[in-house]
Amino acid sequence: MPWAIAAPNTPPPPTWGIFTPGTVGQFFFVIVYSAVIYWLISRAKAGMPVPEIRKIAGLDAFDEAVGRATEMGRPVHFTPGFYAFSSHTLAAFSILAHVASLCARYDTRLIVTTLNATNHPVLEEIVRQAYLEVGKPDSFNREDVRYLSGYQFAYTAGVVGIFHREKVAANFMMGWFLGEALVIAEAGALAGAIQIAGCPAVVQLPYLVASCDYALIGDELYAASAYLSKDPVMVGTLIAVDWFKMFITGLIVIGVVFANLGSKAFMNFITK
Amino acid sequence: MGGLPKTVELTIGAIGTLAVFSFLYKENLAYRYMEHIYIGLAAAHGAVLTFHNQLKPLFLKQIGAQGQYSLLIPVAMGLLLYLRYGPKEWVWISRLPMAFWVGYNAGYTLAYDPKVLLGQITGTFLKFSAKTVGESINNILFVLICVFTLVYFMFTLKREGQVMKGISAFTRYAFMVALGVGFSNGIMARVSLFLGRVQFLLGDWLGLVK
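Residue numbers (full-length UniProt numbering), protein chains in the order written: chain A, 1 to 272; chain B, 1 to 210.
Take these hints with a grain of salt, some might be off.
What the hints assert, rightly or not - The list that follows gives simulated cross-link-like pairs (lysine to aspartate or glutamate, DMTMM-like), each with its CA atoms no further than 25 Å apart:
id: 1; chain 1: A; residue 1: Lys230; chain 2: B; residue 2: Glu160
id: 2; chain 1: B; residue 1: Lys88; chain 2: A; residue 2: Glu124
id: 3; chain 1: B; residue 1: Lys26; chain 2: A; residue 2: Glu186
id: 4; chain 1: A; residue 1: Lys245; chain 2: B; residue 2: Glu160
id: 5; chain 1: A; residue 1: Lys272; chain 2: B; residue 2: Asp113
id: 6; chain 1: A; residue 1: Lys167; chain 2: B; residue 2: Asp113
Don't read these hints as lab results, they were simulated from the structure.
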């Protein structure tokens, strides 16, 4: 009779007296991970040798896209995706800095749109800085960094309208996208824009791969931002993430071997 | 609600739907009109919603009635954002709440992501000899694709040598299959949405379909 008397719900005793059970592995993971990132960033900042990041296919297309827009005398559009201040948005910001710098250098109009009000001041600052760095602060037009709407499809309708009215020649979609991804990318294709997307959202990737000329898939978005910015913090972090991917690959291989030997010892060890 | 008001509501909805669909022919005045109405409505709806769901309960209930004055701190931080429209020498202050926000997100990610990650890692500890042949093949493919995908996204490893090229090619094929499945799944969902609008036009509005 399970409904008659419920056993008192006592929490399990803490591991080693201080840790919530199941968090010891996580704690050491975070400590070691943070230490490795710090060490690699310090090395990169000090100009000491760090492993080289290989070039991502599709990065050459950035110059091609902006170059094409310049030749056609039409604007470039950039969107940093759905969310504010997540890892993918921060990667999108770095890529925007590069795209804005290219646009400023070639005197090509850059339209940046966002559906996140908190992104707006940062986007404006990034574009302004890019124009300042190439010595053309007067070419920066504040009106071209636009917060359209906080509502997903109202924003999407706005972007679609911009593509057709402003005759956008190149479209950059970098960051995390949801249902608006295909609508925006299709509108870009209809407008005849050369399109480059970078998105870690597995659900939206198929649409972007199908409708864009180039796509940075998954982690390539982060790698592209580090590669383009050459920022020691980003480069160091990317290398640390790479090393942890190697570490995780090792964990998976060992775990699978243990599982196939019928032992749960390894599983219990890392989930302690 | 029924009768005339309902008919008017349905007709406005139908005109809006048709105006948006007219984009499939080309960008035109009807679409442009609807686009601006949509953005305007969203802004108005957002403002009203923010006032009733956020500002009113915050100031009247939580701060005014319950005396939770600590909530004035995030309010002040939010207001600081507007200093970017103020005098030039004060603009830097607007970056402080932004910095706090970025820091908060970084800390949150660091604290809560490892748990999810560890769950994903242990989820790959699969037996190759499962109950059925199909499940065994499934498990083997799952582990292989998972490991190869991790290797594919290691950006410090050069794609040189037969092994790396082989892993890269295998992973690309796996991606193609996965993306193909995702695409067809998504298209089904979009067709379903389209059918919903067709049902609205032919059924709710015109009454041609029951």
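Hint check:
| no. | hint | result |
| --- | --- | --- |
| 1 | A:Lys230 - B:Glu160 | holds (23 Å) |
| 2 | B:Lys88 - A:Glu124 | holds (15 Å) |
| 3 | B:Lys26 - A:Glu186 | holds (13 Å) |
| 4 | A:Lys245 - B:Glu160 | holds (19 Å) |
| 5 | A:Lys272 - B:Asp113 | holds (17 Å) |
| 6 | A:Lys167 - B:Asp113 | violated (41 Å) |
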